[in-house]
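In case you want the letters, here they are:
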Amino acid sequence: EPEVTQTPSHQVTQMGQEVILRCVPISNHLYFYWYRQILGQKVEFLVSFYNNEISEKSEIFDDQFSVERPDGSNFTLKIRSTKLEDSAMYFCASSTPGEDTEAFFGQGTRLTVV
Amino acid sequence: DQQVKQNSPSLSVQEGRISILNCDYTNSMFDYFLWYKKYPAEGPTFLISISSIKDKNEDGRFTVFLNKSAKHLSLHIVPSQPGDSAVYFCAASRNSGYALNFGKGTSLLVTP
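Protein chains in written order, with this note's numbering: chain A, 3 to 116; chain B, 4 to 115.
These aren't lab readings, by the way, just hints derived from the structure by calculation.
Using N, Cα and C, we set each Cβ at its ideal position, and we do this for glycine too.
Careful: at least some of the hints might be erroneous.
Claimed, not checked - Quick list of simulated restraints, FRET-style, between CB atoms: (1) A:TYR52 - B:ILE56: 31 to 41 Å; (2) B:ILE56 - A:MET17: 40 to 50 Å; (3) A:SER68 - B:SER72: 36 to 46 Å; (4) A:GLN19 - B:ALA44: 22 to 32 Å; (5) A:VAL26 - B:GLY19: 19 to 29 Å; (6) A:GLU101 - B:ALA44: 31 to 41 Å.
Stated by the list, open to error - Covered, in the sense of this in silico footprint (three residues per stretch, anywhere, with C-beta under 8 Å from a C-beta of chain B), are these stretches of chain A: (7) 51-65; (8) 98-104.
Model the full assembly from the supplied sequences, consistent with the hints where possible.
As structure tokens, then:
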């Protein structure tokens, strides 16, 4: 069964450093998303990406964040200068276009900022 | 601003009985509703969905009911099995391709 894959599974970084989280969405999907879940809190939407541009973003997704689809298979989330409060599980998801189609999530990357 | 609310943080049910998980939403623009199941250290796994034009959708042991006038949906699992023990998230969006708004989740424990 096709799945969304994320690497790395766990990333530890020092405050102020840049991190890139990587995702390979399901191959025939055209919508791509990043979500995050801070420990003990709900899953929160960050950004959606369609047709090589951001289609929607939340207020969490400020100038520190960027997304890119550098080639036909990868989808990345970059955090330029990490803060302690960026520590969370980051989930990539993808979906097909059309009515009533669900998003499939990856296993997540646990980001720990120290 | 909590647009999707799951007011029960936990639920315990005996194996073989019905589990009912509830969810309320506030945004009348939401058109598409989903339930995801999540185990610790894993991503959410899609379970079942319903669009606003329906009031019920069934898939095996899982049934989702939608009451648009009350802005309420529920997930019924019958019969419940120990393997159903997980955190269940309700999510809502304007439609496919739009942001999913998640509830805080309900932790279901099914005991033998």
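Okay, the hints, checked on the actual structure:
Our hint of 31 to 41 Å for TYR52 of chain A and ILE56 of chain B is violated, since their Cβ atoms are close to 24 Å apart. Separation of ILE56 of chain B from MET17 of chain A is about 48 Å and conforms to the stated range, judged on CB atoms against 40 to 50 Å. Between SER68 of chain A and SER72 of chain B the beta carbon distance is about 42 Å. The supplied range of 36 to 46 Å therefore holds. In this structure the hint that GLN19 of chain A and ALA44 of chain B lie 22 to 32 Å apart at CB holds, the actual value being about 24 Å.
A hinted range of 19 to 29 Å is violated for the C-beta pair VAL26 of chain A and GLY19 of chain B, which are about 40 Å apart. Separated by about 33 Å at the C-beta atoms, GLU101 of chain A and ALA44 of chain B satisfy the suggested range of 31 to 41 Å. Counting residues of the region 51-65 of chain A whose beta-carbon sits less than 8 Å from any beta-carbon of chain B gives 4, enough to reach three: the coverage restraint holds. Coverage of the region 98-104 of chain A by chain B holds. Counting CB-CB distances below 8 Å, 7 residues qualify, and the rule asks for three or more.
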